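Chains G and V supply the protein sequences, listed in that same order. If you use this note's numbering, the first sequence corresponds to residues 1 to 241, in order. If you use this note's numbering, the second sequence corresponds to residues 1 to 241, in order.
Just so you know, these hints were derived from the structure itself, not from any lab. Each statement offered as a hint is correct.
Identical chains share a label here; the pair holds if one copy fits it or two copies do between them.
Calculated cross-link-like contacts (lysine-lysine; reagent style DSS-like; alpha-carbon spacing at most 25 Å): (1) Lys221 x Lys237; (2) Lys221 x Lys94; (3) Lys160 x Lys60; (4) Lys221 x Lys60.
For clarity, every value in this text was computed on a predicted model and none was experimentally measured.
Number of protein chains: 2
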Amino acid sequence: MDAADLGQHISKRYNEELERLRNGVLSMGGLVESQLESAVQAVVVGDSELGLRVARDDYKVNRMEVTIDEACSRILATRQPAASDLRLIVAIIKTITDLERIGDEAEKIGFLASRLASMERPSDRYRELKTLGDHVQLMVHNSLDAFARLDAKAALATVKLDDQVDDEYDSITRQCITFMMEDPRTISRVMNVTWVARALERIGDHAKNICEYVIYMVHGKDVRHTDSEAIEREVIKGGKA
Amino acid sequence: MDAADLGQHISKRYNEELERLRNGVLSMGGLVESQLESAVQAVVVGDSELGLRVARDDYKVNRMEVTIDEACSRILATRQPAASDLRLIVAIIKTITDLERIGDEAEKIGFLASRLASMERPSDRYRELKTLGDHVQLMVHNSLDAFARLDAKAALATVKLDDQVDDEYDSITRQCITFMMEDPRTISRVMNVTWVARALERIGDHAKNICEYVIYMVHGKDVRHTDSEAIEREVIKGGKA
Chain G
1 MDAADLGQHI SKRYNEELER LRNGVLSMGG LVESQLESAV QAVVVGDSEL
51 GLRVARDDYK VNRMEVTIDE ACSRILATRQ PAASDLRLIV AIIKTITDLE
101 RIGDEAEKIG FLASRLASME RPSDRYRELK TLGDHVQLMV HNSLDAFARL
151 DAKAALATVK LDDQVDDEYD SITRQCITFM MEDPRTISRV MNVTWVARAL
201 ERIGDHAKNI CEYVIYMVHG KDVRHTDSEA IEREVIKGGK A
Chain V
1 MDAADLGQHI SKRYNEELER LRNGVLSMGG LVESQLESAV QAVVVGDSEL
51 GLRVARDDYK VNRMEVTIDE ACSRILATRQ PAASDLRLIV AIIKTITDLE
101 RIGDEAEKIG FLASRLASME RPSDRYRELK TLGDHVQLMV HNSLDAFARL
151 DAKAALATVK LDDQVDDEYD SITRQCITFM MEDPRTISRV MNVTWVARAL
201 ERIGDHAKNI CEYVIYMVHG KDVRHTDSEA IEREVIKGGK A
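Isolated chain G, as found in the complex (with noise of 0.2 Å):
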């Protein structure tokens, strides 16, 4: 074997380390992808077995959080990547927390679901907080394939809707606050409903954060604390240069 065998070898050895990483990030995605629908349909139904299992499973993002931490620390001290590849490190490192705390509020809105379930149903069963976690699973869908894919449009695409989200969260909470007013022998039910609306909002922050890594890798820019017209200018001239 002569010496460049040798450094295509090693080349290959690291390139399939990285890819490893960003496939463990996507599994990870994957399974936060799951307990959140979960969560959310343990809600909608009223399914208080369900959403106790979602915040028994949690431990598993978490397991899956400190394996690949542990891997960017040994590819950071063993291959001392530099330029596009230190940037993918970084942003997973992040990412990973992200999808981490996605793990916790889909384990909050378990806990949640099995004590709705007990309590009486509303004749809407749910309809607003179930199109809120539609929206919200759209966007860590779309962060996840934006990453995937390195896709610094689709990330952008992916922020605007936290918007929406934003709106949507505000608007059911104005609405409960109406409905403890009008009865306030709902109020305990509806604080809970409050909680999944506030969990499933913070999600939505979640997958933008994930959004923002995403333009980050592609353009080397951090675009965070940058309103979404600035992040859009970015990407648009990152894109022709």
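Given chain G's structure and the hints, the job is docking chain V onto it.
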């Protein structure tokens, strides 16, 4: 200048870079502490202007996060740190994310304070919120102190405070539900109180996260998602080694 001088020169500059980074985190922490203090103060004394100032100043926290984050990436790329230096950088990348989120929660509390200031004030002048706020401020302060002194034992003691904060949060929430049931006219106001309490509880979680990164820096072991007794065993074992 011979090679040894040059080596020392490079390592001296590298050490200065790391030191500057640590100081940057502590400055950011100081700003976040002062934002949190003002936000709680604004709620307790009903100072709308102060609340809005906290919200307006959040951009300063965000700016510091981006600056420190870029410095971390630069050091990772140019210095290729290993072992404890690498753990320091990874811990900083995570710590500033939590500090930034504490800033976001302080911003929310600022807005809520401004809203609450225009509403009727309860006779206890939000005593429970003040107590919760004090404990959360202590957690944030101690977590930054543990970070500055790389003190895993202090970090562990702070992790344990989080249980107390969670209990206080639960108690405020239960009390709020009782108030609303007894007098539904208070619902709008009391909902704002529950949101302040929720924001404070989340800040406690972020301070706990920072403490776990400190333990990771010192012991090189990931203690997240581990119960506090297991963390304690780890810290004590590490201390003896």
